[in-house]
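S.K.: When you read off a place in the sequence shown, starting at 1, and then add 9, the result is the number in the numbering used here.
Because the hints were derived from the structure by calculation, they are not lab data.
Incorrect hints may have been included.
[Claimed, not checked] No more than 25 angstroms apart at the CA atoms, straight line, and that leaves these computed lysine to any residue pairs for SDA-like:
1. K16 x A63
2. K45 x D75
3. K45 x N20
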Amino acid sequence: MTGPELKQLRNDLGEAIGRPLSAADMAKLCGLAPGKAGADTIRRWEVSGPNGPAGELLRILAMASDRYPSLDNFNVFDRFNI
Numbered sequence: 010m011t012g013p014e015l016k017q018l019r020n021d022l023g024e025a026i027g028r029p030l031s032a033a034d035m036a037k038l039c040g041l042a043p044g045k046a047g048a049d050t051i052r053r054w055e056v057s058g059p060n061g062p063a064g065e066l067l068r069i070l071a072m073a074s075d076r077y078p079s080l081d082n083f084n085v086f087d088r089f090n091i
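Based on the provided sequences and hints, a complete structural model is requested.
M.R.: See below:
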């Protein structure tokens with residue numbers, strides 16, 4: 010997931026729940042430190058892209074969105090030895 014895709018995901022999730030999500034809200038969703046530290050991490054990720062377990066969580070959340078193109082690129086044969 011890239012930084013712009015994360016930013017779009019935050020907008021999409023906010024639209025889905027009917028209110029904008031702040032960077033602090035996204036930090037809480039990812040299990041990051043509460044307050045400014047977590048929000049700063051989200052803002053940094055919105056530029057460079059998330060990494061680690063949070064990146065995987067966000068990628069899975071994004072796949073549930075009709076706007077995220079990952080399902081177009083998903084190839085089950087690359088993931089499993091069939």
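S.K.: If a hint holds in the structure, say so; if it doesn't, say that too.
M.R.: For each hint, the structure was consulted:
1. Simply put, K16 and A63 have alpha-carbon atoms about 14 angstroms apart, close enough for the 25 angstroms limit, and the pair holds.
2. At most 25 angstroms may separate the alpha-carbon atoms for a hinted pair to count; K45 and D75 exceed this at roughly 31 angstroms.
3. Simply put, K45 and N20 have alpha-carbon atoms about 19 angstroms apart, close enough for the 25 angstroms limit, and the pair holds.
Checked against the numbered hints given earlier, this structure breaks only hint 2.
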